[in-house]
Amino acid sequence: MSSDPRIPLKKPWLAGLLAFLVPGAGHLYQGRCFKAGIYFTCILGLYLLGMILSGWQALQVPSDEALKNSRVFSLLKYGAQAGVGSPALFGLLQRERYSSNANVPPDSVSKPFSASFEGIASFQDDTGNHTGRVSGTMFLEPAQEQFGKQSITGRFEGTLSDQPVKFRLSNHVQISRPIEGSQRRALSSGIISEVNGNHSDLGHVSGTIPRSFLNWFAVPRSEAEEQNLHDQLGKYYELALVFTWVAGLLNILAIWDAVEGPAYGYGRDPRHPAPTPDADPTPT
Amino acid sequence: MNVTWFLIPMAVAVSLVWNASRYESTELILRRSFRMLIQILVFMAIILAVLAFLSFNL
Chain A
0 MSSDPRIPLK
10 KPWLAGLLAF
20 LVPGAGHLYQ
30 GRCFKAGIYF
40 TCILGLYLLG
50 MILSGWQALQ
60 VPSDEALKNS
70 RVFSLLKYGA
80 QAGVGSPALF
90 GLLQRERYSS
100 NANVPPDSVS
110 KPFSASFEGI
120 ASFQDDTGNH
130 TGRVSGTMFL
140 EPAQEQFGKQ
150 SITGRFEGTL
160 SDQPVKFRLS
170 NHVQISRPIE
180 GSQRRALSSG
190 IISEVNGNHS
200 DLGHVSGTIP
210 RSFLNWFAVP
220 RSEAEEQNLH
230 DQLGKYYELA
240 LVFTWVAGLL
250 NILAIWDAVE
260 GPAYGYGRDP
270 RHPAPTPDAD
280 PTPT
Chain B
0 MNVTWFLIPM
10 AVAVSLVWNA
20 SRYESTELIL
30 RRSFRMLIQI
40 LVFMAIILAV
50 LAFLSFNL
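Keeping their order, the protein sequence lines are chains A and B. Counting in numbering that gives the first Met the number 0, the first sequence runs without a single skipped number right up to 283 at its last residue. Counting in numbering that gives the first Met the number 0, the second sequence runs without a single skipped number right up to 57 at its last residue.
For the record, the hints were derived by calculation from the structure and aren't laboratory data. Treat the hints with care, since some could be wrong.
[Claimed, not checked] Quick partial rundown of chain A residues pointing at chain B, CB under 7 Å, derived from the structure:
#: 1; residue: Ile37
#: 2; residue: Leu43
#: 3; residue: Arg132
#: 4; residue: Tyr236
[Stated by the list, open to error] Reference listing, derived: stretches of chain B covered by chain A, where coverage requires no fewer than 3 residues with Cβ under 8 Å from a Cβ of chain A:
#: 5; region: 3 to 14
#: 6; region: 19 to 29
[Claimed, not checked] Now the in silico label distances, taken between C-beta atoms and shown as ranges:
#: 7; chain 1: A; residue 1: Ser221; chain 2: B; residue 2: Leu57; range: 30 to 40 Å
#: 8; chain 1: B; residue 1: Ile37; chain 2: A; residue 2: Phe212; range: 39 to 49 Å
#: 9; chain 1: A; residue 1: Ala223; chain 2: B; residue 2: Ile37; range: 23 to 33 Å
Values in this document were obtained by computation on a predicted structure and should not be read as measured data. For each residue, glycine too, the CB sits at the ideal point set by N, CA and C.
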């Protein structure tokens, strides 16, 4: 505990816990508002700047795969970020969701839905062969295969190499897991035509549909996804990582200050003279 | 935007938080933070100049 009685540490353990959860909160509890403002603005500001620079993808929650390959390095990277408290601890909750048994590629969808789609299609119809980039909307719906097995089917409407195109999807649309570290969800399917109830395969389409923010934010990423981020963002991603690491490490200083008080107290500030020892009240 | 500019907010944050954890007086924190910020920026400028000199004509 600080030896300086002018610094109100109140319950240091509680201040330390609050300072860990939200930078500056511990000092606010102690009534040290100026310092609370500095810690809150600088630490959270640096962390947020890093997150914004990386498109909210700087948090490196270690996946099981990463822990197997480089356990110490993965833990150190996340450990530095975890210093900022609750904003980074949310990643542990996301890690649980990611590792849950329910997070598997879906066999079916509960109700029809549509999503924007970007990808590549290759198929052959009466007008010839078509191959190229497709962009448009996927309309997906539940389907039933033989013997009552649930599956996913649908149709696509959009453009192929800037020409309008529509096609029907087979009953075996494959979608990747709902919760993963990338912002878009992989989708692939066969393309079919239906004449008098008979299906014939025309080709194949693969690409991605958007994933909801809560299903990718702070979710552990695979090494391939991590590499993809480096390729996309380059030095800005590295800078973002440094910002979040530094923010987490700076909060360790703030937590220490909340628990123990500042290293040099008021220093030699003449406006805050050190208290003189009480005079001995006993007459001699 | 050149990434070098992003080092300024980091240097400001580091100097303010470091000095806030050293001192309690508002005036001391601000004065010493400003001094530390200048020191960091000058140090980085020297490193930048050395690197620029070494990579001249490469």
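Comparing the hints with the structure gives:
Taking 7 Å as the C-beta contact cut-off toward chain B, the hint placing Ile37 of chain A at the interface holds, the least distance being around 5 Å. Taken as an interface hint, Leu43 of chain A does not check out: its beta carbon lies about 10 Å from the nearest beta carbon of chain B, beyond 7 Å. For Arg132 of chain A, the suggested interface contact is broken, since its CB lies about 31 Å from the closest CB of chain B, more than 7 Å. The criterion of a C-beta within 7 Å of any C-beta in chain B is not met by Tyr236 of chain A, whose closest approach is roughly 11 Å, and the hint is violated.
Coverage of a stretch by a chain is defined here by at least three residues with a beta carbon nearer than 8 Å to that chain's beta carbons; for the region 3 to 14 of chain B and chain A the count is 6, and the condition holds. With 10 residues carrying a beta carbon less than 8 Å from a beta carbon of chain A, the region 19 to 29 of chain B meets the three-residue requirement, and the given coverage holds. Between Ser221 of chain A and Leu57 of chain B the beta carbon distance is about 37 Å. The supplied range of 30 to 40 Å therefore holds. For the pair Ile37 of chain B and Phe212 of chain A, the beta carbons lie near 41 Å from each other, so the given range of 39 to 49 Å is met.
Distance hint for Ala223 of chain A and Ile37 of chain B: a CB-CB separation of about 44 Å, inconsistent with the stated range 23 to 33 Å.
Against the hints set out earlier in the document, violations occur for numbers 2, 3, 4 and 9.
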